[in-house]
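If you read the protein sequences in the order shown, they are chains A, B, C and D.
Under our numbering, the first residue of the first sequence carries the number 129, and numbering increases by one thereafter.
Under our numbering, the first residue of the second sequence carries the number 129, and numbering increases by one thereafter.
Under our numbering, the first residue of the third sequence carries the number 129, and numbering increases by one thereafter.
Under our numbering, the first residue of the fourth sequence carries the number 129, and numbering increases by one thereafter.
Source of the hints: derived by calculation from the structure; they are not laboratory data.
Quick reminder that beta carbons are idealized off the backbone N, C-alpha and C, glycines included.
Any given hint might turn out to be false.
[To be verified] Per label pair, the in silico range of CB-to-CB distance:
| hint | chain 1 | residue 1 | chain 2 | residue 2 | range |
| --- | --- | --- | --- | --- | --- |
| 1 | B | S445 | C | S447 | 49 to 59 Å |
| 2 | A | E440 | C | A202 | 49 to 59 Å |
| 3 | C | R169 | D | T170 | 58 to 68 Å |
| 4 | C | R404 | A | A202 | 54 to 64 Å |
| 5 | C | A202 | A | Q487 | 58 to 68 Å |
| 6 | B | R226 | D | A191 | 24 to 34 Å |
| 7 | B | D164 | D | G201 | 32 to 42 Å |
| 8 | B | G335 | A | E306 | 37 to 47 Å |
| 9 | A | R173 | C | S447 | 37 to 47 Å |
| 10 | D | A191 | A | Y399 | 47 to 57 Å |
| 11 | B | D164 | A | D403 | 53 to 63 Å |
4 protein chains.
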Amino acid sequence: MSSQYGKKLKISIFGQSHSPAIGVSIDGLPAGAAVDVDELRTFLRRRAPGQSEISTARAEDDAPEILSGLMNGATCGAPLAAIIRNRDAISGDYREIRDIPRPSHTDYAAHVKYGGHQDTAGGGHFSGRLTAPLCVAGGICLQILRGHGIEICAHILRIGGAWDDAFDPVCVSSADFEAIRSNSPPVIRREASDAMRLRILDAKEKGDSVGGVVECAAIGVPAGLGDPMFDGIENRVAGILFGIPAVKGVEFGSGFAGAEHMGSENNDGFYMEGDRVRTRTNHSGGILGGITNGMPVIFRAAFKPTPSIGLEQESVSLSRKENAIIKTKGRHDPCVVPRVAPCVEAAAAIALYDAYLDQ
Amino acid sequence: MSSQYGKKLKISIFGQSHSPAIGVSIDGLPAGAAVDVDELRTFLRRRAPGQSEISTARAEDDAPEILSGLMNGATCGAPLAAIIRNRDAISGDYREIRDIPRPSHTDYAAHVKYGGHQDTAGGGHFSGRLTAPLCVAGGICLQILRGHGIEICAHILRIGGAWDDAFDPVCVSSADFEAIRSNSPPVIRREASDAMRLRILDAKEKGDSVGGVVECAAIGVPAGLGDPMFDGIENRVAGILFGIPAVKGVEFGSGFAGAEHMGSENNDGFYMEGDRVRTRTNHSGGILGGITNGMPVIFRAAFKPTPSIGLEQESVSLSRKENAIIKTKGRHDPCVVPRVAPCVEAAAAIALYDAYLDQ
Amino acid sequence: MSSQYGKKLKISIFGQSHSPAIGVSIDGLPAGAAVDVDELRTFLRRRAPGQSEISTARAEDDAPEILSGLMNGATCGAPLAAIIRNRDAISGDYREIRDIPRPSHTDYAAHVKYGGHQDTAGGGHFSGRLTAPLCVAGGICLQILRGHGIEICAHILRIGGAWDDAFDPVCVSSADFEAIRSNSPPVIRREASDAMRLRILDAKEKGDSVGGVVECAAIGVPAGLGDPMFDGIENRVAGILFGIPAVKGVEFGSGFAGAEHMGSENNDGFYMEGDRVRTRTNHSGGILGGITNGMPVIFRAAFKPTPSIGLEQESVSLSRKENAIIKTKGRHDPCVVPRVAPCVEAAAAIALYDAYLDQ
Amino acid sequence: MSSQYGKKLKISIFGQSHSPAIGVSIDGLPAGAAVDVDELRTFLRRRAPGQSEISTARAEDDAPEILSGLMNGATCGAPLAAIIRNRDAISGDYREIRDIPRPSHTDYAAHVKYGGHQDTAGGGHFSGRLTAPLCVAGGICLQILRGHGIEICAHILRIGGAWDDAFDPVCVSSADFEAIRSNSPPVIRREASDAMRLRILDAKEKGDSVGGVVECAAIGVPAGLGDPMFDGIENRVAGILFGIPAVKGVEFGSGFAGAEHMGSENNDGFYMEGDRVRTRTNHSGGILGGITNGMPVIFRAAFKPTPSIGLEQESVSLSRKENAIIKTKGRHDPCVVPRVAPCVEAAAAIALYDAYLDQ
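With these hints in hand, go ahead and build the complete structure from the sequences.
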């Protein structure tokens, strides 16, 4: 495994779905930064399962225990480590998949890589549950970044065929972020929530699952962050986002749609707004040559439908080397997307704060 | 800057468009690997400018000089360094942009980051020309990977509205790769070349530019490569691809399209083919949980239209802090996409070989 | 802070002397390696305080809790994290040093670096207590290395003026290691223990402290480990050893003494022993050009006397910017050296196993 | 190989003794730093061979060619690459050592590691010649550090039994540095040069070689540099010093001698000098817990005698697996120490500037 990320802010994530605990060590936090643990807990609750009919029934109180690095509500310069105990784990559900890998889950690839020694219970280290320590690290970064005037918010752009509006990439504001967070799942256009919920319930009824796209914006980001060629903001953000299970695509600004535009349409003309340089449009997603230009940073991450579905699927028996049929048991989300918005925010916060510290 | 990439195979790219030379140091190549310099030169010629009416008129003979690391046609374990001299550079063309940044080019962001000290001539270190040393490193990796039975090929999936067919993600073969390389620009369906050429010429006539998408496949990749959570194949490939100028999106397998599928549609069922485990479909793009599963690795990269266009555009004067109009001079590609296919192959080869060595 | 070490085996150490817990995350352990937790506990007991009259009275049962990465006594490929709770901490002892830094302790330098936000209780993250998680990681590496035929042992070469014999750098064997471990403190010549104990008790009586040198040997190390120029074995071993508090010097083979030799004396002539290439002498300490040569790896680490002493010393008041007198309270070792032998073994094991995996 | 060093300032060294060129890419230099290429050349001349009767007869004009990263005498933020052509190389001298490794040279260890594919001519990538690109990088860092008030100077503390005085670790000054540089080899006490020269000539006459110790001081270093546990100043400096061929020991402050002191002798008491906190003594070598304390940084590096001597030595034939006798041909320094002082300064400058940028 290689569950470490960052150049100046170096996180090291550990734990498996059913191990005694999951957690994270965060090395490189500056000393003296205020961290509000209650606020962190509130942030973590946004990704926690067991909240509603549209997510997994597994109930975890993902309250992190801070083991080090924090004194009287502020960082002390030493690595900040936090763990979350795994309490509600039913290991028995996962016995079969040691031999019969679930389609499009990590089972088979991990079996080859780890020679059968990997922890398969609940997906082991590949479980979506490992986004909890990511959110611990990211939640702390979000708090510190806000102190530097940087805010980050993600909303669900689509679930299957149900679409939300996109961010206005030029004008997106703090007020937009608040409005989004008042919706569940988080969307810009409230009615989109209802349509999305229907898609998920439909999938749930069928024992199926559905994918989606999350869009994220960071505002207040100063111009000049990012280190080309290979530690530019796009490299950094993509490098952490693809660590979130189920992410299969990442695009910035006009992204894939930009391929159909002419330069004259896609280019973002500059103008002065008082003393500030701004762009009329923001097809660049706030990033030029890997470096922020002071406009909102905008990106989207595509999530594949949860591979664990309740239907019969083709698979193989690894021991008998023959075809087999699998029907996944266990408690699974019909759609992870409603819960991943905070994960995407957390990942973006870690990547941006690392770039910020790496100036 | 941070123009180094890799964990085991560590490349360090240097040079500016108009500096005495550009080059790369490749650290971590195993000793005893055969490298054919003529073949490398042929590979580099595929990305070289000045080949046809649809690319920039700048003529560079991108023949690399190998300075170290190679003895009698094989690597000797020491870092392999190569440089390419910059010969055909007309610096005068770029004076204006020090004050009036070109829209959607790196000029403004670099100005903020490097305090005006950056080399703007020809785009400096941000120039597409820096993909030449990337291709030197990648071309060497391609040769070595082929010795391990791994082949990589990219084709142009679209330029503006002109589309090629997509790879068959299950059956794509060495023969398909050969066929693609016999077309210019490289496409699967020969007629697509013509349509693409028309789009580019149309943009050229208008003084405009056009974007596109490149699709890439790697075959023969063994199962088990990639190191989750943050050094998985997707993280690694995206981490290098976003280092290629103009890339704004990266997706694997069904990518963004997967968001509209149900799990039952998107999951890739397993079956035995003799002793080998294969999947019926390949929406995963050969990667599960960041680890290869033995199927072809498939990904796409979106390129924005070249920001340098011949039309008047809105900009600002950084010195006078007022709005300004810019009309880019210099020799520019109306579309970089025809030349980037080898760059994408090179980047993929570096990322995959690094993951291969990092097992 | 930057408490991460390793290229392939990446450890991340966290915790402060008086925080809820200290611990380590170990990323990159191969799957399927047996780890005996009881044996690990026995190893950790060798560095634990409170064992005898010659070490600190602080009693800690340094039994680690494994949180992840281990299943049925073997690694599962996921990061292995372990924590040790801090139970016997009396914070009050350390209030004064926030303003009046202890001479030759980290207090002042940390105050400047962390702006007064650092945790000073018990030395915070700089405490020798942080060698416990180092020993957790190292103890695991020692077990795995033994499975590869590699054994590591450290003994105390000197404490103040009391000297032990040095290793025979050519013939040192497993049996020597066993004999050393049967002595307390660990020495080659049993009588040396007594002389050393006297030095320590003498220092203790005077409220003073005393330094020493630890010598370490690794046998069974195959030729070919280490990656020059900057990840050679010497760079790697020194890079981790200087992370142990109080280490001020590191030398390999004949080290500083080699400076007074002629080449004809210092060179290690080769000869064949059956099929194996060996050297007659081992002034190189088993390392040539940063690469192991198959002979025992031999190095020494110098430990300064514990800076915390019971005598009055000159210091300053940081708040009042005036000279001051300090007399350190708290429970301290008059000499850390007896307890650091396992820490040096642990550090060497981590460095060598990392180099082993990094081939 | 792993010839890259640094966290923020990342150097990548390439080349072999007899390859077309040697060089370095320096990534991470801030933009706008003045670099005087003539001064750099002067600095490089201090390590160049062929200067006198006491060093190798090989004549190299080590004038570096800057390929990138520099514009109008200042860094531009892009990687700075420089190469030095290898002109005076006689490859024939090194044929024999492919089969019969030279005692205490890297030949045998490299043979095992690189499977016989390594470049043996002139020592290949292991040649002392590779300290030339190290000095290019370090020479640039020295210039920039001086702009920040930091100066670094090394002198030869001993060659065999001929000793120079040591630095006054509390009061060492810029004037001392100038005085040292006026001596050749660089020493504090002029007469020491003569005694050293005699030792070297004596060794030369006998076809033998001799080792030595270099002591280095950095003054003007602000308190607060260094990142414990594993990127402290000691770890960083040792991590680069052991990359210089022949270094077998590194110690800071009182180092190994500190082991015989009591804490009351070794501790450095603080006092106020105006507004500044200083220490009465400097046994810590300016570093506490890995962090600088504002006092001069003092360290020593032990160099083994050059392994290449003109006398007959025991070796083996790797092909015939039998004992053999070797008498090294080629032109070699009887003592590298006179030439390594600038290398040690360069290494220290790189390590300190990297730590400086990494704050």
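Here is how each hint holds up against the structure:
{"no.": "1", "hint": "S445(B) / S447(C): 49 to 59 Å", "verdict": "51 Å, holds"}
{"no.": "2", "hint": "E440(A) / A202(C): 49 to 59 Å", "verdict": "33 Å, violated"}
{"no.": "3", "hint": "R169(C) / T170(D): 58 to 68 Å", "verdict": "60 Å, holds"}
{"no.": "4", "hint": "R404(C) / A202(A): 54 to 64 Å", "verdict": "58 Å, holds"}
{"no.": "5", "hint": "A202(C) / Q487(A): 58 to 68 Å", "verdict": "43 Å, violated"}
{"no.": "6", "hint": "R226(B) / A191(D): 24 to 34 Å", "verdict": "31 Å, holds"}
{"no.": "7", "hint": "D164(B) / G201(D): 32 to 42 Å", "verdict": "41 Å, holds"}
{"no.": "8", "hint": "G335(B) / E306(A): 37 to 47 Å", "verdict": "44 Å, holds"}
{"no.": "9", "hint": "R173(A) / S447(C): 37 to 47 Å", "verdict": "42 Å, holds"}
{"no.": "10", "hint": "A191(D) / Y399(A): 47 to 57 Å", "verdict": "49 Å, holds"}
{"no.": "11", "hint": "D164(B) / D403(A): 53 to 63 Å", "verdict": "56 Å, holds"}
Taken one by one, the earlier hints fail for this structure at numbers 2, 5, listed in ascending order.
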